[in-house]
Amino acid sequence: MAATKLLNFTFPASPEHLCTVRTKLRDTLGSARFPQETIDCIVLAIGEACMNIIQHAYCDGDCGDIVLEIVRQDSCLVFRLTDFARHKSRQEEMQSRPLDEIRPGGLGCHIINEIMDEVELLDCGNRQGNILQMKKELTS
Amino acid sequence: MKHELVNKPDFDVLVLSGDIDLHHSPTLRERILSSLKGGRPLLIDMQEVSYIDSSGIASLVEGFQTAKSSNLHFGLLSISSPTLQVLAITRLDKIFSLYETEDSFIEILEL
Numbered sequence: 001m002a003a004t005k006l007l008n009f010t011f012p013a014s015p016e017h018l019c020t021v022r023t024k025l026r027d028t029l030g031s032a033r034f035p036q037e038t039i040d041c042i043v044l045a046i047g048e049a050c051m052n053i054i055q056h057a058y059c060d061g062d063c064g065d066i067v068l069e070i071v072r073q074d075s076c077l078v079f080r081l082t083d084f085a086r087h088k089s090r091q092e093e094m095q096s097r098p099l100d101e102i103r104p105g106g107l108g109c110h111i112i113n114e115i116m117d118e119v120e121l122l123d124c125g126n127r128q129g130n131i132l133q134m135k136k137e138l139t140s
Numbered sequence: 001m002k003h004e005l006v007n008k009p010d011f012d013v014l015v016l017s018g019d020i021d022l023h024h025s026p027t028l029r030e031r032i033l034s035s036l037k038g039g040r041p042l043l044i045d046m047q048e049v050s051y052i053d054s055s056g057i058a059s060l061v062e063g064f065q066t067a068k069s070s071n072l073h074f075g076l077l078s079i080s081s082p083t084l085q086v087l088a089i090t091r092l093d094k095i096f097s098l099y100e101t102e103d104s105f106i107e108i109l110e111l
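Heads up: the sequence lines are chains A and B, in that order. Residues 1 to 140 in this note's numbering are what the first sequence lists, from first letter to last. Residues 1 to 111 in this note's numbering are what the second sequence lists, from first letter to last.
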């Protein structure tokens, strides 16, 4: 089965735009008739990933856009978040922290890793910014 | 996010509704901590919360820890399904005191 692009949406990397991203995601995944529980989980994970970019990639006064792409590939949904920040993210930054430490913060990566089946930072070469790719198997 | 603080005779209830994300969590944090400064137990009514992310959860955790260090009861009331989902993923559903009714929170206060 060929890959089908479901969404290509660019938005400013700022907290007040997270609500619009959720609405876009719900509309796109709802039109594709995915189960509500799956949609809720994906909306949460993508929201956490966007928040990480806003807080940690676009830091120290850096600002810019985020591009959210969704592609359906066989039984898998592929989500790609591209930013253009000066900060280069590292794969280690995407790891969960121990949950037995009860403290505020640091839960976003755990949520993403729990919901998505694959989470990977793609190589951007010399280009400024980062590409975070997440895959969700629809059968899982 | 909408919020309203209701003063009951022996405790406060912070009623929340709508989506709680990074845009709203600083306000939530401020409301929780300023209420706890009054030295009264706090119940957070989550029934009408349609979405909460880890930044909102972080505000709740900070409230929980502040209340604990001040020896105050801190609970979550009528957890909505989106909130329960996030608490379960982060395993915080075993840490927070969850109440189905205001009366069950009052019972704990009277012990």
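Check before you lean on any hint, since a few could be wrong.
[Claimed, not checked] Under 7 Å between C-beta atoms, here's a sample of chain B residues computed to sit facing chain A:
(1) Leu22
(2) His23
(3) Ser50
(4) Asp53
(5) Ala58
(6) Val61
(7) Glu62
(8) Ile89
(9) Thr90
(10) Asp93
(11) Lys94
(12) Ile95
I should point out that these hints are in silico values taken from the structure, not numbers from a laboratory. Because the structure is a prediction, the values reported are computed rather than measured. All C-beta atoms in this analysis are idealised placements derived from N, C-alpha and C, irrespective of residue type, glycine included.
Each hint, compared with the structure:
Evaluation of the Leu22/B hint against chain A yields a held restraint, the C-beta minimum of about 4 Å falling below 7 Å. Contact between His23/B and chain A, as hinted, is supported at the beta carbon level, the nearest pair being about 4 Å apart and thus within 7 Å. Violation of the interface hint for Ser50/B is found here, the shortest Cβ-Cβ separation to chain A being roughly 10 Å, above the 7 Å cut-off. Interface restraint check for Asp53/B: the shortest CB-CB distance to chain A comes to about 5 Å, inside 7 Å, so the restraint holds.
For Ala58/B, the shortest C-beta to C-beta distance to chain A is roughly 4 Å, which falls under 7 Å, so the interface hint holds. Checking Val61/B against chain A: minimum C-beta separation of about 4 Å stays under 7 Å; hint holds. Taking 7 Å as the C-beta contact cut-off toward chain A, the hint placing Glu62/B at the interface holds, the least distance being around 5 Å. For Ile89/B, the shortest C-beta to C-beta distance to chain A is roughly 5 Å, which falls under 7 Å, so the interface hint holds.
Annotation: interface hint on Thr90/B holds; nearest CB of chain A at approximately 5 Å, less than 7 Å. Given hint, Asp93/B at the interface with chain A, is violated; its Cβ is 12 Å from that chain's nearest Cβ, farther than 7 Å. Among the interface hints, the one on Lys94/B is violated; its C-beta lies about 10 Å from the nearest C-beta in chain A, farther than the 7 Å criterion. The restraint placing Ile95/B at the interface with chain A holds, with a minimum CB-CB distance near 6 Å, inside the 7 Å limit.
Of the hints listed earlier, those the structure fails to meet are numbers 3, 10, 11, in rising order.
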